[in-house]
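S.K.: Each chain, letter by letter, is given below.
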Amino acid sequence: MKKRWMFLILVLLVLAGIAGCGRSGDGENGEYVLYFLASSVEKHGPALKTEPYAGEEQAEPTPAELVQALLADPAAQDLRSPFPRGVTMQDCSFDPEQPGRVEVTLSERYGELTDISLTLADYCIVLTLSQIEGVESVEIISGGHAAHYRSHQVLTAEEALLTDYLADGTQEETG
Amino acid sequence: MNGTEESRRKKVPLFASLQMKYAMSYLVIFAVVLVLMNTYPVMASQELLFTSKRDSLKSQAAVMASALMELESLSADQVVRVMNMLDNMGLTRILVTDPAGLILYDSTRDDWGGTPPPEQEEPKEPEYRYALYQEIVTALRGNDVFYSRYSDKVFTSTAACPIVYRGMVIGAIYILEVDEAQGALLLSLQQNLRNISLVIAAVTVVMSTLFSKILTARIAALLSAIRIVGEGEYGHRLQPAGKDELAQLAEEFNQLTDRLQTTEEVRRRFVSDASHELKTPLASIQLLSDSILQNQQMDQETVRDFVNDIGEEARRLTRITEHLLALTRLDSLTVEKTGPVDVAGVVERAVNMLLPVADTAGVTIQSAPRPGCLIRCTTDDLYQICFNLIENAIKYNFAGGYVYVSAYKDGDQILIEVADTGIGIPEEDLPKVFNRFYRVDKARSRAAGGTGLGLSIVRDTVRRHDGWVTARRRNPEGSIFTVGFPQYVPDPEEEIP
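Just so you know, the protein sequences line up as chains A and B, in that order. Oh and the first sequence: position 48 is 48 in this note's numbering, straight run, nothing missing. Oh and the second sequence: position 405 is 405 in this note's numbering, straight run, nothing missing.
Excised from the complex, chain A in its bound form:
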């Protein structure tokens, strides 16, 4: 009888292990994801979608590493990069004066973005960096200055609404 119980527990543990391994990366369990533009063919759903960050498994990535990965094209066919071609990262570091804020400095070409294209690019960076523990807000600078036509300069993940909870019957998904 005792042996049977032990066998049952062992089976449950194995199943739990398999289930745990099966979870895809969305920032939970230490797995990081990168945010890109969803395919424009889709008519409904979030405009930003994720793909797993292919960095070193054990080490926690730095903000700079994530931004570098983000500036590369997505691996998935149905995702697109929100950044203009040729945008490079010049700096990416925590603001020593503002705890929890990361300041990202990109090349001047980033300044070509306006309106919704700028918003989408901004929040790809913000949502990606906000997975790192301790990152609460992000400030993006290009060509030495912030884009003045933004509504505000310090961006947080909570500001981005990706799904309409009333339409999809789920809780409103924000970054």
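In case anyone wonders, no lab produced these hints; they're calculated from the structure. Using N, Cα and C, we set each Cβ at its ideal position, and we do this for glycine too. One or more of the hints may lead you astray.
Said to hold, decoys possible - Calculated lysine-lysine pairs in the DSS-like style (CA-CA distance at most 30 Å, straight line): (1) B:Lys11 / B:Lys243; (2) A:Lys49 / B:Lys153; (3) B:Lys58 / A:Lys49.
As the list claims (entries may be wrong) - Not everything, but these chain A residues come out facing chain B in the computed CB check (under 8 Å): (4) Glu112; (5) Leu113; (6) Ile116; (7) Asp164; (8) Ala167.
To be verified - Here are the computed distance ranges between Cβ atoms for each label pair: (9) A:Ser151 / B:Ser66: 24 to 32 Å; (10) B:Leu48 / A:Pro99: 30 to 38 Å; (11) A:Gln90 / B:Ser75: 33 to 41 Å; (12) B:Ser66 / A:Arg85: 18 to 26 Å; (13) A:Ala72 / B:Asn84: 43 to 51 Å; (14) A:Pro99 / B:Asn84: 19 to 27 Å; (15) B:Glu72 / A:Pro99: 40 to 48 Å; (16) B:Leu48 / A:Arg85: 42 to 50 Å; (17) A:Gln90 / B:Leu48: 54 to 62 Å; (18) A:Pro99 / B:Ser75: 29 to 37 Å; (19) B:Arg166 / A:Pro52: 39 to 47 Å; (20) B:Arg166 / A:Pro99: 44 to 52 Å.
With chain A's structure known, arrange chain B on it following the hints.
M.R.: Relative to the frame of chain A, chain B by itself:
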């Protein structure tokens, strides 16, 4: 093989039976109809609702966008003011964004455009919310978009369109409608169709079982009748019901069985008659030979007479068997290769052959066949026909009587007539003279060496060549036998042998 094994062998397995096949074919047809009935109307209604919603939502979004484009540039306060003036038209949510996707108005938020905060409260920090939905992004890029789906009994539809001022996109409007009423209506339609389908399915199962049973019951009756007849009960008949193919089949079966029964009766009578005909000369031979053997003091003259009689009976036996063989051949063999035959030549040959017989009987043969009477036949068969008829006319004639043989053309037919001045045939016997072993005067027939098969052979041979034969009384005495064949018309270049 005993009866149980036989019936087991003949029993058709249920799934291979015709009844099951009929029932299954009905069920399959109805299943297809039911599937179509349950899918097509629902899909069509769904599509209709989608179209209606698309038109409705797009026009609502366009109305709001046109109201907002008057503002030239969008600010939260102005948008709220305009939107408060508009009716929300039963929509679940309305969002208005600026060109960057920043939400300026959200109909689901009470604090958006509601009463201004009291003066003593500290002013709130501005709240920034960006709607990064596909619909809004598409609209901000200058395109109208509509999306609708039906799931969980609810129609969820979204539409978005750009707010354009002087060719510039100054914002986007996004509307959401969650329609449970239409969803419930569609669900009700689905349920009604399902209930109706269940009733139809139940009725179909019952009806298909019933119909297939009725249909196959008649086939089973036919099968059973075939088996009964096959076992030799030729009197069994089916009762044809209705006017369909199965009724026709039953009628055909009955006619076939009639013919089979007649054939069987003829066969039995023939076997019985043949046995009887063979038995008579055999009995005579036996009697004569026994007499010779038992009577030691019989004089030489009497023995010679008896042996002569035995020889006569043996010859009669030979004739009977030859005629029987000839009839059997006519029954079983196919027609040999035929060709054009000149009737006059064959008639003359038969007459010449029978002249000695006629002389012996004191009968005169007058033959006048017309030349050029061609028929399609074989020479042997035509000779057999002429020979039998002329021989008969001689046999059943009186001494000093006549036999008249003629052949001539009548319309598109060639007729051969053999008339005699003999004993004649009673009117009531005329239809039977061609039956096998039928004799008008048995004693005379035997005395004349007849077998009762000559006219049967004539009739069967004539029929094999698409001809006909009749017998009638001749005035004032005797009989006339007439044989008719279709005239053969040769090609101009054809050579007649």
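S.K.: So, for every hint listed, does it hold in this structure?
M.R.: How the hints compare with the structure:
1. Straight-line distance between C-alpha atoms of Lys11 (chain B) and Lys243 (chain B) comes to about 28 Å, which keeps the hinted pair within the 30 Å bound.
2. At most 30 Å may separate the alpha-carbon atoms for a hinted pair to count; Lys49 (chain A) and Lys153 (chain B) meet this at roughly 28 Å.
3. Of the supplied pair hints, the one linking Lys58 (chain B) and Lys49 (chain A) holds, its CA atoms being roughly 27 Å apart against a limit of 30 Å.
4. The beta carbon of Glu112 (chain A) comes no nearer than 15 Å to any beta carbon in chain B, farther than 8 Å, and the hint placing it at the interface is violated.
5. At its closest, the beta carbon of Leu113 (chain A) sits 10 Å from a beta carbon of chain B; the interface hint therefore is violated under the 8 Å criterion.
6. The closest approach between the C-beta of Ile116 (chain A) and any C-beta of chain B is roughly 4 Å, which is under the 8 Å cut-off, so the hint is satisfied.
7. The beta carbon of Asp164 (chain A) is positioned within 8 Å of a beta carbon in chain B (closest approach about 6 Å), and the interface hint is therefore held.
8. A distance limit of 8 Å between C-beta atoms decides the matter here; for Ala167 (chain A) the minimum to chain B is near 5 Å, and the interface restraint holds.
9. The hint said 24 to 32 Å for the Cβ distance between Ser151 (chain A) and Ser66 (chain B), and at roughly 25 Å that hint holds.
10. Taking 30 to 38 Å as the suggested C-beta distance range, the pair Leu48 (chain B) and Pro99 (chain A) does not conform, at roughly 58 Å.
11. Against the hinted window of 33 to 41 Å, the Cβ-Cβ separation of Gln90 (chain A) and Ser75 (chain B) comes to about 34 Å, which satisfies the hint.
12. As the Cβ distance of Ser66 (chain B) to Arg85 (chain A) is approximately 37 Å, the hint placing it in 18 to 26 Å is violated.
13. In this structure the supplied range 43 to 51 Å holds for Ala72 (chain A) paired with Asn84 (chain B), their Cβ-Cβ distance being about 47 Å.
14. Hint check: Pro99 (chain A) to Asn84 (chain B), Cβ distance near 41 Å, so the stated range 19 to 27 Å is violated.
15. The hinted window of 40 to 48 Å between Glu72 (chain B) and Pro99 (chain A) holds, with their beta carbons roughly 42 Å apart.
16. Remark: the range hint 42 to 50 Å for Leu48 (chain B) to Arg85 (chain A) is upheld by a beta-carbon distance near 46 Å.
17. The supplied range of 54 to 62 Å is met by Gln90 (chain A) and Leu48 (chain B), whose beta-carbon atoms lie about 57 Å from each other.
18. For the pair Pro99 (chain A) and Ser75 (chain B), the beta carbons lie near 33 Å from each other, so the given range of 29 to 37 Å is met.
19. A beta carbon spacing of about 45 Å between Arg166 (chain B) and Pro52 (chain A) agrees with the range 39 to 47 Å that was offered as a hint.
20. Between Arg166 (chain B) and Pro99 (chain A) the Cβ separation comes to about 45 Å, which falls inside the hinted range of 44 to 52 Å.
Of the numbered hints given earlier, the model fails hints 4, 5, 10, 12 and 14; all others are met.
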